[in-house]
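Make the full structure from the sequences, and use the hints.
Protein chains: 2
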Amino acid sequence: MSRRLSRKQLLIAGGAAGAAAAVGGGIVHESRSGAAPASAGASAQPPTVPFHGVHQAGILTPAQSDLRFAAFDFIGSGKEDLHDLLRAWTRAAATLTAGRSLAPPHEDPAKPPTDTGETAGLAPARLTLTFGLGPTLFEKVGLGSKRPPQLADIPHFPFDELDPDNSYGDLCVQACADDPQVAFHAVRALTRIGFGTVALRWIQSGFLSVPKDGDTKRNLMGFKDGTANPSTTDAAMMKSNVWANTGDGQDWMANGSYLVSRKIEIHIEVWDSSAESEQEGVFGRHKASGAPFGGTKEFDTVHISDIPAMAHIRRANPRQGEVTERERDPRAQFVPIQARLAAKDRLNEYIQHVSSAVWAVLPGVETHDGYLGQTLFET
Amino acid sequence: MSRRLSRKQLLIAGGAAGAAAAVGGGIVHESRSGAAPASAGASAQPPTVPFHGVHQAGILTPAQSDLRFAAFDFIGSGKEDLHDLLRAWTRAAATLTAGRSLAPPHEDPAKPPTDTGETAGLAPARLTLTFGLGPTLFEKVGLGSKRPPQLADIPHFPFDELDPDNSYGDLCVQACADDPQVAFHAVRALTRIGFGTVALRWIQSGFLSVPKDGDTKRNLMGFKDGTANPSTTDAAMMKSNVWANTGDGQDWMANGSYLVSRKIEIHIEVWDSSAESEQEGVFGRHKASGAPFGGTKEFDTVHISDIPAMAHIRRANPRQGEVTERERDPRAQFVPIQARLAAKDRLNEYIQHVSSAVWAVLPGVETHDGYLGQTLFET
Chain B
1 MSRRLSRKQL LIAGGAAGAA AAVGGGIVHE SRSGAAPASA GASAQPPTVP
51 FHGVHQAGIL TPAQSDLRFA AFDFIGSGKE DLHDLLRAWT RAAATLTAGR
101 SLAPPHEDPA KPPTDTGETA GLAPARLTLT FGLGPTLFEK VGLGSKRPPQ
151 LADIPHFPFD ELDPDNSYGD LCVQACADDP QVAFHAVRAL TRIGFGTVAL
201 RWIQSGFLSV PKDGDTKRNL MGFKDGTANP STTDAAMMKS NVWANTGDGQ
251 DWMANGSYLV SRKIEIHIEV WDSSAESEQE GVFGRHKASG APFGGTKEFD
301 TVHISDIPAM AHIRRANPRQ GEVTERERDP RAQFVPIQAR LAAKDRLNEY
351 IQHVSSAVWA VLPGVETHDG YLGQTLFET
Chain E
1 MSRRLSRKQL LIAGGAAGAA AAVGGGIVHE SRSGAAPASA GASAQPPTVP
51 FHGVHQAGIL TPAQSDLRFA AFDFIGSGKE DLHDLLRAWT RAAATLTAGR
101 SLAPPHEDPA KPPTDTGETA GLAPARLTLT FGLGPTLFEK VGLGSKRPPQ
151 LADIPHFPFD ELDPDNSYGD LCVQACADDP QVAFHAVRAL TRIGFGTVAL
201 RWIQSGFLSV PKDGDTKRNL MGFKDGTANP STTDAAMMKS NVWANTGDGQ
251 DWMANGSYLV SRKIEIHIEV WDSSAESEQE GVFGRHKASG APFGGTKEFD
301 TVHISDIPAM AHIRRANPRQ GEVTERERDP RAQFVPIQAR LAAKDRLNEY
351 IQHVSSAVWA VLPGVETHDG YLGQTLFET
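Protein sequences appear in the order of chains B and E.
The first sequence begins at 1 in our numbering and counts up one residue at a time.
The second sequence begins at 1 in our numbering and counts up one residue at a time.
Simulated from the structure, these hints should not be mistaken for laboratory data.
One or more of the hints may lead you astray.
Given that identical chains are not distinguished, each listed pair holds provided it fits within a single copy or across any two copies.
The list that follows gives simulated cross-link-like pairs (lysine-lysine, BS3-like), each with its CA atoms no further than 27 Å apart [to be verified]: (1) 344 <-> 111; (2) 297 <-> 111; (3) 146 <-> 239; (4) 79 <-> 140; (5) 146 <-> 212; (6) 297 <-> 146; (7) 79 <-> 146; (8) 297 <-> 212.
Following this line, the structure appears as C-alpha cells:
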C-alpha cells in the first residue's frame, strides 16, 4: 500500500470536553496539504527528520503520533521584526528537529537557561516544525502586495459556529513528534524566542494512532479515514495538488503550500446512539472494512450510483465533477468542497465546526544559511 | 536502578493554555499512590497489563505514556445503580485492557454499535483502568457509614484557586496507555456504559516521556522529578505506604489505596525568565544532573543542611520529621506535606493549584466472577 496524504493529524485532536469531543476536521473533506500518515509504526522510522529541504518537513512526512499546533498574533512593529523572528525560528528549528538542546555548553547560571530542559535525555522523536503565515499578517508588516491570492479568507459556511479566540492568527507553527513532551517543548521554545514579536493566540493538541498492520487510521467516529487521499509518493500528483508552483500568483511561495485548519466537535453522544447502518449511511462506507457501499474492500472503486446522495464520501468526492481539483489552492479545493458539505452532507447532524484558519505554508529552507521566508523578503 | 513510585502522570498533564501550562501536581510533593514510572522505554513492556489481581493495575504498573483521567458525578438513584454500574464497568474493563472490542461478533446493524470502533486494529498499548470513589458518593447512595476515614475532604490551602467544575467528583477512572486513542476510547466506553447513572464531570489528559536511558523523567520545569520516591519493588514499603490494610478503619478497603489528584498551572513565562541558579535554589537540586545541593549525582544523599530552608525538596521531605509518613492515608501524608509546602515552598511563586480531588481507589478484582467494589457491597 502506498502512503496516502492524510487529513491533518491536528484535526484528529483528542480533547473530550463534556458532551463533545474536539476532533476530526479532516473528516469533512478529503486531502489537505498537511502531514501524511505513517504506513507502518513509528518504531520503523529514523529518529530525526531533516529540517532542510526544498519543501518544509511535516507536510509529506509520515505522520508522527502527537501534534501541537500553535497560532500566534504578530505584535511586533513591522517587517524587520518579522524578518528577525523568522531567522531566529529557523536557527531554533534546525537545532530542535536534530534533537539538540538550544543551550550552549556552559551557560552562566545567573541567567535564565536558553533551553527549558524538559527534553534532556529524550529521543528526537522525529520532531518536525512547519511554519505558516496567516492572511492578516501581510498588511500588518507592510507586505500586503506579497499576499498570495490563494491565501484568501475562508468564507463562513452554514452551521459554522467559530470561536474567534480559537481561530485565525498571523503565524502558525505545527509541531509533530512521536513524543508529546518533545512537541510541547518545541512550541514553548519558539514562543519564548518570539517574546515581544508574537503572542500565542491558540494552541491545539492532537494525536494519531496507527494500526498495528500499518492500515488506514480510524477517526473518533470509528471509521477509516483517508482512504481516498492521494498517495504522497506520487511526485507529479504532489506537484499539481499540494505544492505552490511558480506562476501561481506569488512566485515567492513556490514549493510552499496552503493549509486549512478546522477544528470540529463531534457530538459523540448522538453519534454513539445512532445505529450502525445509519453511521455507515452517513459515510457511504462500511465501518469494519472501510469498503465503499457496493464494494467489499477498503480500496475498492467507489461507484457513485451505490452511494447515498447525501453521504459524506459522495458529497466530498471531486469525481462528481462539481469542482476543479487543485489542492494547491484552497479557493479551488477546500472552499467549494466544504461549501457542498455544509449544504448537504449528512455528517453535519453529528459535527460542529468551531475553529477555522488558513495558512500559507512557507517554502522549505534549502541551505544552512537560508531562512524561513527568505523568498518573501529577498525576491 | 529500581523502579520508583512516581508522581501521578495525570499531573504531568500537557495542556498549554495561554500564559500558563497545566502541569505537574506531583511537583509539589513526593510519592502519591499512583502510576509508577517505567524504568525503560515502553517498547520493552508486554502488550497488555492483567486486569485481575489483589490490587488494581495502574498503581504500581510501570507508567504508560498517555493518561486520560475522568471524574464523574453520580446521577443514579441509589446503591443498586452503583452496584450495577461497577459490575458493568468491571466487565468492560477486563475486555478493554485485554485489547479486545466490546462488541460481540455479529451485531445487528439496526442498533448502535456496542464498541465505538476507533481502536480496531490498534495494539492494546498496556491499557490500565483504575477506579476510585469520591467522598461525596457515599451519602448519595446510602453508604455513608462505609466511607473510609482516610477519604477526608482535602482542606483549602493558602494560594489554592480551585475551579470547582474541574475539581471533586463522585467516581473516577484513570485510563493509562501507551496510545492516547486507546486511553480515550476506554474513557468514552465507560462513560457510555454509565449513561443515566454517571455523567462526566471533568477530564484531564496528560503525558509522560521516559528518557532513552530509562533515567528519571523530567517535569515541564525541566527538572528530574521523582528522584526521592520510594521503590515500587519494595513490597513491605508499598504495604506500609501505599496499600490500605485491614484495621485501617474500613476493612472493605483493604488492598485499595488513596489518590489525591491536583492540577497545577505553571506560570512558565515567569519560570522561564528566572535564572538557572534561582531555579535550582527553588528545588534545592541541580538542573542538569538532578543532584541535591552538596552532591554531584542524582541519588546522592540529601543533607538537609546543604538545602536552602524554603527549597522544595526540603519543605517536602519527611526526613525533617514534621509528619508521620503514612502514604496509605492522605490525612497523614498529603495534607500535612501540602500544608507545609503551601506555607513556605518557594515553588509557590511559580505555580497555582487549580484542581483538587481525593479518591478511595478500590481493591483489585481477584477473580473473573468478582467485581469492582465487591467488598463494599458484600462485607
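Outcome of the hint check:
{"no.": "1", "hint": "344 <-> 111", "in the structure": "between (58 Å within a copy, 25 Å between copies)"}
{"no.": "2", "hint": "297 <-> 111", "in the structure": "between (61 Å within a copy, 23 Å between copies)"}
{"no.": "3", "hint": "146 <-> 239", "in the structure": "within (22 Å within a copy, 68 Å between copies)"}
{"no.": "4", "hint": "79 <-> 140", "in the structure": "within (8 Å within a copy, 62 Å between copies)"}
{"no.": "5", "hint": "146 <-> 212", "in the structure": "neither (45 Å within a copy, 45 Å between copies)"}
{"no.": "6", "hint": "297 <-> 146", "in the structure": "neither (47 Å within a copy, 55 Å between copies)"}
{"no.": "7", "hint": "79 <-> 146", "in the structure": "within (12 Å within a copy, 68 Å between copies)"}
{"no.": "8", "hint": "297 <-> 212", "in the structure": "within (18 Å within a copy, 40 Å between copies)"}
Violated hints, in rising order: 5, 6; the structure is consistent with all others.
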